[in-house]
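A.B. asks: Here are the chains, one letter per residue:
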Amino acid sequence: KQEVTQIPAALSVPEGENLVLNCSFTDSAIYNLQWFRQDPGKGLTSLLLIQSSQREQTSGRLNASLDKSSGRSTLYIAASQPGDSATYLCAVRRGSTLGRLYFGRGTQLTVWP
Amino acid sequence: DTGVSQDPRHKITKRGQNVTFRCDPISEHNRLYWYRQTLGQGPEFLTYFQNEAQLEKSRLLSDRFSAERPKGSFSTLEIQRTEQGDSAMYLCASSRRGVDRETEAFFGQGTRLTVV
Numbered sequence: 102k103q104e105v106t107q108i109p110a111a112l113s114v115p116e117g118e119n120l121v122l123n124c125s126f127t128d129s130a131i132y133n134l135q136w137f138r139q140d141p142g143k144g145l146t147s148l149l150l151i152q153s154s155q156r157e158q159t160s161g162r163l164n165a166s167l168d169k170s171s172g173r174s175t176l177y178i179a180a181s182q183p184g185d186s187a188t189y190l191c192a193v194r195r196g197s198t199l200g201r202l203y204f205g206r207g208t209q210l211t212v213w214p
Numbered sequence: 044d045t046g047v048s049q050d051p052r053h054k055i056t057k058r059g060q061n062v063t064f065r066c067d068p069i070s071e072h073n074r075l076y077w078y079r080q081t082l083g084q085g086p087e088f089l090t091y092f093q094n095e096a097q098l099e100k101s102r103l104l105s106d107r108f109s110a111e112r113p114k115g116s117f118s119t120l121e122i123q124r125t126e127q128g129d130s131a132m133y134l135c136a137s138s139r140r141g142v143d144r145e146t147e148a149f150f151g152q153g154t155r156l157t158v159v
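Protein sequence lines correspond, in order, to chains A and B. According to our numbering, numbering within the first sequence proceeds without interruption in unit steps and concludes at 214. According to our numbering, numbering within the second sequence proceeds without interruption in unit steps and concludes at 159.
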C-alpha cells in the first residue's frame with residue numbers, strides 16, 4: 102500500500118521568506134505526483150503535476166521537484182506572501198490504469214505580514 | 044468550462060436519513076473520482092469511474108454507499124441510513140485519461156455533510 106507523508110505538519114513564516122515543503126512516499130513505482138492547495142472549508146486547487154519521467158515543474162513562484170528513487174518530492178515557494186496561507190497537499194498516482202490518488206495529511210502554512 | 048461542480052455545498056441531515064450528492068465534471072473529462080475528507084486528514088479515495096464504468100471501489104465504501112455515473116457525464120453519490128461517522132467533506136474530481144497519459148485531477152468545492 103502506498104503511504105504518503107508530509108513534513109512539517111505546520112509551518113509559520115514571515116512574509117518574504119523562501120520555504121520548502123516536503124513529501125515522501127513509500128512505493129517509488131509512481132505514475133505521477135500532484136501538489137494541491139486547500140483553503141479552509143474549500144476544495145482542492147491543483148498547483149503542479151509532475152510525471153514520473155520528469156524531475157521538476159515550475160509555475161510562477163512555485164517549483165516542485167521529484168526524486169522517484171528516494172521516494173521524495175519538494176515544493177519550493179519563493180518570496181512567500183500572506184495569500185499563500187493554506188494547507189498544501191501532496192498526492193501520488195501509482196499507475197495510469199490505477200486511477201486513485203494517495204494523499205498525505207498536508208502542511209498547514211501560515212505567512213504573516 | 045466552469046470546472047468541477049458539486050451540489051449541494053452543505054447538507055445537514057438526521058441520523059438514519061438518506062442523502063444524495065451530485066457532481067458535474069469538466070465536460071471533456073472521462074474519469075470521475077469521489078473522495079472523503081475529515082478534519083486534519085488528507086482526502087481518502089472512495090471510488091472512480093471511467094466513462095460510465097465504475098472501475099475501482101475502496102473498502103471504505105460500505106454497502107450503505109453507492110455511486111453512479113449513468114451516462115458517463117454527471118455522477119451521484121448516495122449514502123443510505125446515515126451515521127454520525129459519515130460526517131465529512133465529500134470531494135469530487137475529474138481528469139482525462141488518453142491513450143498514453145492521464146491529465147492532472149481537478150477538484151470541486153466539495154459537499155460538507157453533517158449528520159446530527
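A few of these clues could be false.
Listed below are the simulated DSS-like cross-link pairs for lysine-lysine, each with C-alpha atoms no more than 30 Å apart in a straight line [claimed, not checked]:
#1 Lys-143(A) - Lys-57(B)
#2 Lys-57(B) - Lys-102(A)
#3 Lys-114(B) - Lys-100(B)
#4 Lys-54(B) - Lys-114(B)
#5 Lys-143(A) - Lys-102(A)
#6 Lys-100(B) - Lys-57(B)
#7 Lys-57(B) - Lys-169(A)
#8 Lys-100(B) - Lys-54(B)
#9 Lys-54(B) - Lys-143(A)
#10 Lys-169(A) - Lys-114(B)
#11 Lys-54(B) - Lys-169(A)
#12 Lys-102(A) - Lys-169(A)
Examples of chain B residues toward chain A, derived with CB under 8 Å [unchecked claim]:
#13 Glu-71
#14 Gly-85
#15 Phe-88
#16 Ala-96
#17 Gly-115
#18 Phe-150
It should be emphasised that the hints constitute simulated quantities derived from the structure, not laboratory data. Backbone N, C-alpha and C define an ideal beta-carbon position, used for all residues, glycine too.
A.B. asks: The structure should be examined with respect to each hint, and the outcome stated for every one.
C.D. replies: A quick look at each hint next to the structure:
1. Lys-143(A) - Lys-57(B): OK: Lys-143(A) and Lys-57(B) at ~23 Å, within 30 Å.
2. Lys-57(B) - Lys-102(A): Violated, at roughly 35 Å.
3. Lys-114(B) - Lys-100(B): With a Cα-Cα distance of about 19 Å, the restraint between Lys-114(B) and Lys-100(B) holds, given a limit of 30 Å.
4. Lys-54(B) - Lys-114(B): holds (25 Å)
5. Lys-143(A) - Lys-102(A): holds (28 Å)
6. Lys-100(B) - Lys-57(B): holds (26 Å)
7. Lys-57(B) - Lys-169(A): violated (46 Å)
8. Lys-100(B) - Lys-54(B): Answer holds: Lys-100(B) to Lys-54(B) is near 24 Å, not above 30 Å.
9. Lys-54(B) - Lys-143(A): holds (15 Å)
10. Lys-169(A) - Lys-114(B): violated (38 Å)
11. Lys-54(B) - Lys-169(A): Violated, at roughly 41 Å.
12. Lys-102(A) - Lys-169(A): Distance of about 16 Å is within 30 Å: holds.
13. Glu-71: violated (16 Å)
14. Gly-85: holds (3 Å)
15. Phe-88: holds (4 Å)
16. Ala-96: Nearest chain A Cβ about 11 Å off; hint violated.
17. Gly-115: violated (15 Å)
18. Phe-150: holds (4 Å)
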